[in-house]
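A.B. asks: Each chain is listed here by its residues.
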Amino acid sequence: MSKSLLPQLPTGPAEPTERAPTDWTTVAMQKRIRRRYARERRFRFFGLAAVTLSAAFLAFLLITMVANGWRGFTRTDVALPIDFPASGIVVERAQLATRGADLALAGAGLENMVKSAAATAFGPGGEEVLSEHAWLRVRDAIKADPSILDRKITIDLPASTEIDQALGGKGTAAAEAAAAKLQQAGVLSRRFNADFLHESDSTDPVAVGIWGALKGSLLTMAVTFLIAFPVGVLSAIYLEEYAPKNRWTDLIEVSINNLAAVPSIIFGLLGLAVFLGSWSLFGYQFGPLLPRSAALVGGLTLALMIMPVIVIASRNAIKAVPPSIRDAALGIGASPIQVVFHHVLPLAMPGILTGTIIGMARALGETAPLLLIGMRAFIVTPPGGFTDPATVLPVQIFLWSDEVSRGFIEKTSAAIIVLLVFLLAMNGLAIYLRNKFETRW
Amino acid sequence: MTDTPHKMSARGVNVFYGNKQAVKDVSIDIDMDKVTAFIGPSGCGKSTFLRTLNRMNDTISSARVTGDITLDGEDIYSSAMDVVQLRARVGMVFQKPNPFPKSIYENVAYGPRIHGLAPSRAELDAIVERSLRRAGLWEEVKDRLQDSGTALSGGQQQRLCIARAIAVDPEVILMDEPASALDPIATAKIEELIHELRGRYAIAIVTHNMQQAARVSQRTAFFHLGTLVEYGDTDQIFTTPHEERTKDYITGRYG
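Residue numbers (full-length UniProt numbering), protein chains in the order written: chain G, 1 to 441; chain R, 1 to 255.
Do not take every clue at face value.
Unchecked claim - In silico DMTMM-like cross-links for lysine to aspartate or glutamate, where the CA-CA straight-line distance does not exceed 25 Å:
#1 G/Lys-319 - R/Asp-58
#2 R/Lys-96 - G/Glu-438
#3 R/Lys-96 - G/Asp-156
#4 R/Lys-102 - G/Glu-241
#5 G/Lys-181 - G/Glu-199
#6 R/Lys-102 - G/Glu-438
#7 R/Lys-102 - G/Asp-327
Since the hints were made in silico from the structure, they are not lab data.
With these hints in hand, go ahead and build the complete structure from the sequences.
C.D. replies: So this is what it looks like as structure tokens:
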């Protein structure tokens, strides 16, 4: 190329114009600088104060819960001597090995025998010392080892709620006197109550357990996640990547944002009407579609509730994926679905999971909508499946907090601790997954 | 002009964003063995026009293209054209290096993998090595193919993007200001690379840098306000432009 028209590049900077240097030492300037630093310090102080305040509230909550709740995980046992040969109960030994064992023992008058043994050991009114379910423990002991029927044994039986409360300093005067007497006799012992973790609801606070509600929560959360996560993420992908931008998609977007703000009890009414209601159509009677009080219905209702949250969080996460990555993939001939599944979704996953955590945590703590679909039932046996009657942890807490017996106070706190541990475990898992998916840029 | 058929031809191309017309009645040919440079001031429609050549404008919902663009005589805007296939044949390198946040190997292997170009692992390895060699990056990265592509320097990232584009064996490569985000040494390497790639691929490059256009291209098109002002051999455009506007732009009177 000859004689190019391209201009020569300039070789040096242009001459700077004259300018007086700034004087930083004047009084006004110094004052301005001091004010700026003061503002800085003030802001830092307010921030620190806010954090400290929240930390204090959190600490207060945790300390109160643990202080109230730890007793809920323990129980008081009373050592009761029983002289089986002298008690006069007759049990057909051969039946103990069969399925009829429980019936045979119940028929043998064990309950009354335990009461009279207590009266013998602790004086008149001695049966008040034991939980009304105490004889069940004796039954189990006989089933485990029938040879005890031939001798005199001492067996640890659960104390009554009154005694248990009296030991915690919250009993009536009479119960406290009785408890003090028992303590002097050295028959009381406190131990970890494993039954609390694998029993279910009961009318007697000494005999209640959290397992039924915990399992109900697990089943409900499983349904919620399996419905809300795929549906929410797929909706978000469709709306973000495929849907045309027009008045209809605007309407859908507004509706989703509104749904996220709808009070949860409304979703309970929706679940009640759709899943449990019955209606007639063209002369046919339909419904109810699903069984009442079941984890399946609870899960579906909560899924409806948190789906908008997941959709909104997922859309934001998908929007935040740099368009240059989409261009890069499209530019070498990836199809739209390959762009989404190979590039956009993996990069959006941490954000999607964060939204899902928030949604699931909200669902886990939700009570109101579940009350409406019958999950406030008195559940004595843990649900065996998704369609069995069940309750969930927050509803169980609500029910126990409503009980009259004082024994339920610490059980309520213990249930709250279980709920918080469940929540922490769930969040821990989600944070682990999020970090695993996080891409280093 | 030669008598051999053009690799790509654009005739009377208009591009609209909503009601705004970004490209007005542009006709250009892109030939094998040649690098065609698009120059012009910012906002003159040269990048927009480049993106019509592999239908990347389809991703912008308000964009509308009229006119004829053919690849080997085949209308790329006809309903029979498979866009995904088109983009495999007409590759693209973007202004900002945009490697996938994956390993160097995966960046290059991704295209061949989704198009099923390598039935075995050994063949895929061979494609990756060949592409990285052609992009002049092999010697620098051969010992760390599993490192993240985003950990490379800007210039290396851009060569990785070029390697990724040529791994699917395209016929045409479109480059949208491929060196504008790079330092002079990395820019020189990219320009060298364009020289080496010429002949194997038809190349169209958008650039702000007129020295660069003069160095790497054989044909130059000057765009202004959405219209194609002048289009001819690079030597002629930079020495004896026919249009006054071209001359003013090249001599730096406006831009």
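A.B. asks: If a hint holds in the structure, say so; if it does not, say that too.
C.D. replies: Against the structure, the hints:
no.: 1; hint: G/Lys-319 - R/Asp-58; result: 18 Å, holds
no.: 2; hint: R/Lys-96 - G/Glu-438; result: 23 Å, holds
no.: 3; hint: R/Lys-96 - G/Asp-156; result: 76 Å, violated
no.: 4; hint: R/Lys-102 - G/Glu-241; result: 22 Å, holds
no.: 5; hint: G/Lys-181 - G/Glu-199; result: 30 Å, violated
no.: 6; hint: R/Lys-102 - G/Glu-438; result: 12 Å, holds
no.: 7; hint: R/Lys-102 - G/Asp-327; result: 16 Å, holds
In summary, the structure is inconsistent with hints 3 and 5 from the numbered list given earlier, while agreeing with the others.
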